[in-house]
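Participant: Residue numbers (this note's numbering), protein chains in the order written: chain A, 1 to 327; chain B, 1001 to 1327.
Please note that a few of the clues may not be correct.
Here are the simulated lysine-lysine pairs, DSBU-like style, with alpha carbons at most 30 Å apart [claimed, not checked]:
1. A:15 with B:1133
2. B:1106 with A:106
3. A:36 with B:1106
4. A:68 with B:1327
5. A:144 with A:68
6. A:106 with B:1015
7. B:1068 with B:1144
8. B:1106 with B:1227
9. A:36 with B:1015
For the chain B half of the interface with chain A, some residues (derived, Cβ under 8 Å), not all of them [what the hints assert, rightly or not]:
10. 1107
11. 1250
12. 1252
13. 1292
14. 1309
Worth flagging that the hints you see were computed from the coordinates, not collected in a lab.
Quick reminder that beta carbons are idealized off the backbone N, C-alpha and C, glycines included.
There are 2 protein chains.
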Amino acid sequence: MTDIQMINAAAERLKGHARRTPFLTSPFLDDIAGRKVFVKPEALQHTGSFKFRGAWSAISALDDETRKKGVIAFSSGNHAQGVATAAARHNTPAVIIMPEDAPRLKIENTRALGAEVVLYDRVNEDRDAIGAKLSAERDLTLIKPFDNAQVIAGQGTTGLEIAEQAAEHGIENADVLICCGGGGLTAGVALALEANAPTLRARPCEPVGFDDVARSLAAGEHRSNAKPSGSICDAIVTPTPGQITFPIMKRLCGPGLAVTDEECLHAMALAFLRLKIVLEPGGAASLAAALFHQDQIKGDSVICLASGGNVDADMFARALNSYGTPK
Amino acid sequence: MTDIQMINAAAERLKGHARRTPFLTSPFLDDIAGRKVFVKPEALQHTGSFKFRGAWSAISALDDETRKKGVIAFSSGNHAQGVATAAARHNTPAVIIMPEDAPRLKIENTRALGAEVVLYDRVNEDRDAIGAKLSAERDLTLIKPFDNAQVIAGQGTTGLEIAEQAAEHGIENADVLICCGGGGLTAGVALALEANAPTLRARPCEPVGFDDVARSLAAGEHRSNAKPSGSICDAIVTPTPGQITFPIMKRLCGPGLAVTDEECLHAMALAFLRLKIVLEPGGAASLAAALFHQDQIKGDSVICLASGGNVDADMFARALNSYGTPK
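Produce the complete structure using the sequences and hints provided.
Facilitator: This is the structure we're talking about:
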């Protein structure tokens, strides 16, 4: 189980490899939110999302013999790019299993980052069987996207930085809003804050209709989403909280917040205008919650962990068309 | 005349007020450029451009009595926002003189940042006369955009950071490409590099047809542009190099580079895709030079100072439409 010692150890291994992303602010965002808004843009992390941290943490924690044989991951998104890049920099072979109908650009990017991409047919093939066969043949280590103690520890290094940066900015009591899928980032950050900044409170942010973590926290036990997909926030849509991540979130997190797709597009446009950063819809969920659900938030300041920026030009243009010109 | 002592003193005054912008990288950009590319995004600076540094430096250098009376600047662009914000944080009144046909958004932004905006009619009124009258009446101090020793010192703090960050990244010999208008940023950075990283070479980047600094450097004396405007890189179009900045650039800079508007749009799209940052056309000139004029650059690495990100949604969408989907 991930604890603060594991997070501190992951931070040591990540030193000089992950970027310490800044805190960004704008008086225009403060006006909208009714309090000081601090955005920590993990979109500026290597590979455009926080996933690089967890992947690096997990791969660097393997013993040399195991690492040399290689790693395997199932992902067509940010986790794939994080694992591919972290593996390449460790000279570790990486196999990424993706559906053959994944966007061509994501497949090519993952290959360009040095991974071997294995495609499967979503309808006629069993992803897990393909992965199990490859893992057995080559003795590969599976890197799960969130239910992995070392992955959670890596994501938790973001929380160590938030604790330091909050102190630098004189923030004492504040909600820390976190874009949340399976809960790896949220659980890791919550553990880091518990140890280093216990007056900051981690809170997961999810799309309306895909707020399994919020509902699970409210119920005190696992809840699932009615549908598997249907939000533009694809990076943070998962069916139910993780087995490892949920007990941590249940112990440490404040209530979850749910935001609409339109609120995320609006937050993307405001991040473009006021912070000059690129966020993907799911990566803007925390900022959307701060800007448009202020009555659910406590404190004079709010910290938004903006988790990623891997968005295609069409979706970004959609945000700009709708909300890119201030009224 | 600005020197390294003035830059170091400006850095002390800017401490805790300006952001230390990071070095960003992407293997995809390295592939295009044929060498390692390090981008320092001053788009992430307060007010979306490096201009905040110079404005803060100049205002903080005034004696209390003078500062209390207020400052005045002529600008409809990044300098206006830098002066307005730096003045507001010093509780200093700021008057910004803008043409009445400036974009409404820029006028409103500058007001929202706390400045008094005075509009004039470009055709029938004399900007300088209006400024002189107001300055005399209220005893305001004029903050020029580049021909001011303390402004140059403030912009030079970017160069102090580049020297440190280059050392952290093991960069020994490299060209430092700088988006260049009147030369305040270029001259300041060149002075900082001379003192702290003499193997790094500052080089101005300008739009084709508005490369007055490049031609002046080649001629050894001031040259002017044929036209006053006509590039989308409006932030870095100036008629001729500054009186204070040119002698510094002449002594320290390598040859200038000229980039087309299309190259800047392409660089903006690549910065969106690969770095997750928003650049304005003029702020992308240095990256465009690194990516598309690699035969004019020396060394295994190149550093691009991306000067600003204040671009409207339409122009950004134009960049994405043309170049936002990788081939």
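Participant: Now look at each hint and say whether the structure bears it out.
Facilitator: Here is how each hint holds up against the structure:
no.	hint	verdict
1	A:15 with B:1133	56 Å, violated
2	B:1106 with A:106	37 Å, violated
3	A:36 with B:1106	23 Å, holds
4	A:68 with B:1327	34 Å, violated
5	A:144 with A:68	18 Å, holds
6	A:106 with B:1015	41 Å, violated
7	B:1068 with B:1144	18 Å, holds
8	B:1106 with B:1227	24 Å, holds
9	A:36 with B:1015	21 Å, holds
10	1107	12 Å, violated
11	1250	32 Å, violated
12	1252	29 Å, violated
13	1292	20 Å, violated
14	1309	4 Å, holds
Checked against the numbered hints given earlier, the structure breaks hints 1, 2, 4, 6, 10, 11, 12 and 13 and satisfies all the rest.
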